[in-house]
Structure formats: structure tokens, C-alpha cells
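Going down the list, the sequences are from chains A and B. Numbering of the first sequence is given in numbering that gives the first Met the number 0, commencing with residue 0 and proceeding in unit increments. Numbering of the second sequence is given in numbering that gives the first Met the number 0, commencing with residue 0 and proceeding in unit increments.
Take these hints with a grain of salt, some might be off.
Identical chains share a label here; the pair holds if one copy fits it or two copies do between them.
With a cut-off of at most 27 Å between alpha-carbon atoms, the simulated DSS-like pairs for lysine-lysine come out as follows [stated by the list, open to error]:
| # | residue 1 | residue 2 |
| --- | --- | --- |
| 1 | K53 | K101 |
| 2 | K129 | K55 |
| 3 | K34 | K129 |
| 4 | K34 | K55 |
| 5 | K157 | K101 |
| 6 | K165 | K101 |
| 7 | K55 | K101 |
Calculated directly from the structure, the hints in this document are not laboratory data. Please read all numbers here as calculations on a predicted model, not as lab measurements.
Number of protein chains: 2
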Amino acid sequence: MNGYIPPLARLIDEFAAMPGVGRRSAARMAFYVLKMTDSQANSLAGAIIDAKKKIKYCSVCCNLTDTDPCAICTGARRDRSVICVVENARDVIALENTNEYKGLYHVLHGVISPMDGIGPEDIRIRELLKRITDEVDEVIIATNPTIEGEATAMYISKLLRPLSVKVTRIAHGLPMGGDLEYADEVTLTKAMEGRQEI
Amino acid sequence: MNGYIPPLARLIDEFAAMPGVGRRSAARMAFYVLKMTDSQANSLAGAIIDAKKKIKYCSVCCNLTDTDPCAICTGARRDRSVICVVENARDVIALENTNEYKGLYHVLHGVISPMDGIGPEDIRIRELLKRITDEVDEVIIATNPTIEGEATAMYISKLLRPLSVKVTRIAHGLPMGGDLEYADEVTLTKAMEGRQEI
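Using the sequences and the hints given, assemble the complete structure.
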């Protein structure tokens, strides 16, 4: 689609560059902006600038935060003996929403992926190693169950072993509500291997 | 999903308010903004402000424009004897992309829809009537083939009839590449009624 006047074309291009937004969605979003009041448009633009300006990485756990250290790292009720290692900030939110885990986090901001040219020094492993003090009893590695996630988990566990800290991996198995019949072979194998007495 | 820090939650809320953007897409877009460089984020915010500031309605045809009158209304090669009436600015772009129509446009910015409380005075019909001078030979009504679009077409054609101008309606029928077998009954009926000698 072309024929848009320049300021509109520019806005559509900006929206279309976002993940999961095609040109048609971008056009709908741009027309929505044109229908906004001036103050609504300013609020949207302000939210973008604001988020960029206020959100930083926590100097302890590398999670996204607007205070440093972040609210989790400074939380009075958090269990400081456990650190859960995740790939990105969205994983922290997913785990927080379970309302079960009360320990600390460490956000790697990626996984080791030689195919994409991402080595161990490109993610926040060094920062994790610095955090392993006598206070820490256990490190739970909660990277995704993908090839890169598994490799990263293996790599980190090897680095942590000499530091005499317990290293665990989140369980792999059938998702709740899932169906044995439709599960893939690897998941089923993992579910069998990880079986526990009831 | 909750647990986001306030500036991030605000940005997600802003994105999620857009048409066709769910909360998950909004979160992905917000994280994309955080990964942008400062100048990229400023460019995105600027495009929003800019579009709102620069884009106005053309005082002649009511289309979106950054000049007044718009480029189509002032175009030297446009046929000023034909006005095509459409529901919104996107319809103008769709018709312009055919590269066939060379006349002028009139954008109603909506259709008459009593169910939604939209009457004839809420859309740009008055502005259309003012444009019907001796120069204009034909008005093509190209509102959508929906109940509201048809009703609006009927309403406008009744108003225009006393002004001794030819009023036409775009053809309804099978879309090109469509399949008779899968066409709905109304479309088929319209296609039969609108048959032409070949």
C-alpha cells in the first residue's frame, strides 16, 4: 500500500517495524492515533519516552527496573538463599504471577547461541557468578527447554559446581491440562525420566 | 498479567488500547521499545506527535492531508466533473492504488447508523452538497456494501437528485478470483442483477 501522505507514512513505518505488527495493523494503529485527542497522543508519545528514560537494568539481578536495586532485590520478604536464573524479564513476571516463588532472580538477557554469534560473555553470566556468596544455597536454572536454553543451563551449572552451591533445573514434563496423546516424544521422555513417587 | 514496573505497565496499557493489539502483543511491543536506542524511541514518539500535528482534514473533500486543499483536490490532472463519495480516508487510498480513477473524492468519515447514534448531520454530507456546482457531472457513491453503507448511499442519492447531477453506485458482484460456489446469496443476487452484455 502506498499513497499515504508523508507524516502518516512515517508513522505507519514506525509501527510496522514492531514485532508482530504487519503493514495493515500498522495502518489501523496509525489511523487510531489520528483519531486520538492531542492529549491522548501526547500521553502515548510520553509513555514511550518515559519508559526508555526511566527503565534501567538492576545492578544486582539485571532485571528491568525503575529503581536500583530493583524492588525484588531489596524486598524484605524475599528469600536471599535462592537465585532463579531466567532468560529475560518477561520470565520474571511469569514466575512472579505464580505467587509461589519467593527467592531472588538473575536475568541473563539471552542464551548462549553460537549460531547467532552469542557467546557466554554476551549474556549476564559474569554478573551471576559475582552474586554467589555464602548466603546463597541454591541456584535454580529456569532457562527455556530449548536447545540453546539447555546448553546455557549446562554451561552455567559447570561454572557453579566449584563454588559449592546447589544447582537445580526446573522440571520438564507434561504441561497441566496437556494430553499424553498429543505430547511430543522428547517431552514424554522427560516426563517419564522425571517421574516422582506419590 | 501484572507485576510490571509502572513506566512499563503504562506503555503496555497505551499499546493495548490500540485496535487489534492484545495485551500480549502490547507487551512484546513495549519490550521492543525498551530495546530501541534512544534516538529510535524519540523517532517513534516524534512520528506520533508529528502525525497528529501535521495531518488535518482537507477543507474541500475532507480527506486527510498535510496541505490544504489536499494534493488530490489541487491536482492538475484530476477530472473535476466526477466526485467519488467514500466512507473513510483508507478507501481513498484503496481506490488511488487501482490507478484507474482520476476524479475527485469526498470523504464522509462514517456512515449513517441510527443504532450507533450516528445521523446524517454527524458525517460530512453537508460539505458534499456544497460542492455540487455546474462543474460536477457525476457523483459516484462508493460506501461499503453493508446495511449502513447502502442506507447512506440511498440517503445521499435522494438529496442529490434535485440538484440535477448524475448519481451512480459502485457495482456489487462476485469479487475477482472468487468462487460462485462459496459466494453468499446476497452477493450472487446482486451479481445476477448487475449482469452486463459482453
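Outcome of the hint check:
1. When the C-alpha separation of K53 and K101 is checked against a cutoff of 27 Å, the pair qualifies only within one copy, where the shortest distance is 26 Å, while the shortest distance between copies is 51 Å.
2. In this assembly of identical chains, K129 and K55 lie within 27 Å of each other by CA distance solely inside one copy; the values are 20 Å within and 57 Å between copies.
3. In this homomeric assembly, K34 and K129 come within 27 Å of each other (Cα to Cα) only across copies, at 25 Å, whereas the closest approach inside a single copy is 51 Å.
4. When the C-alpha separation of K34 and K55 is checked against a cutoff of 27 Å, the pair qualifies only between copies, where the shortest distance is 11 Å, while the shortest distance within a copy is 33 Å.
5. With identical chains, the CA atoms of K157 and K101 are at most 27 Å apart within one copy only, with a shortest distance of 25 Å there and 71 Å across copies.
6. For a Cα distance limit of 27 Å, the shortest separation of K165 from K101 inside one copy, 17 Å, qualifies, whereas the shortest one across copies, 75 Å, does not.
7. For a Cα distance limit of 27 Å, the shortest separation of K55 from K101 inside one copy, 23 Å, qualifies, whereas the shortest one across copies, 53 Å, does not.
Going down the numbered hints, you'll see the structure goes against none, and every one checks out.
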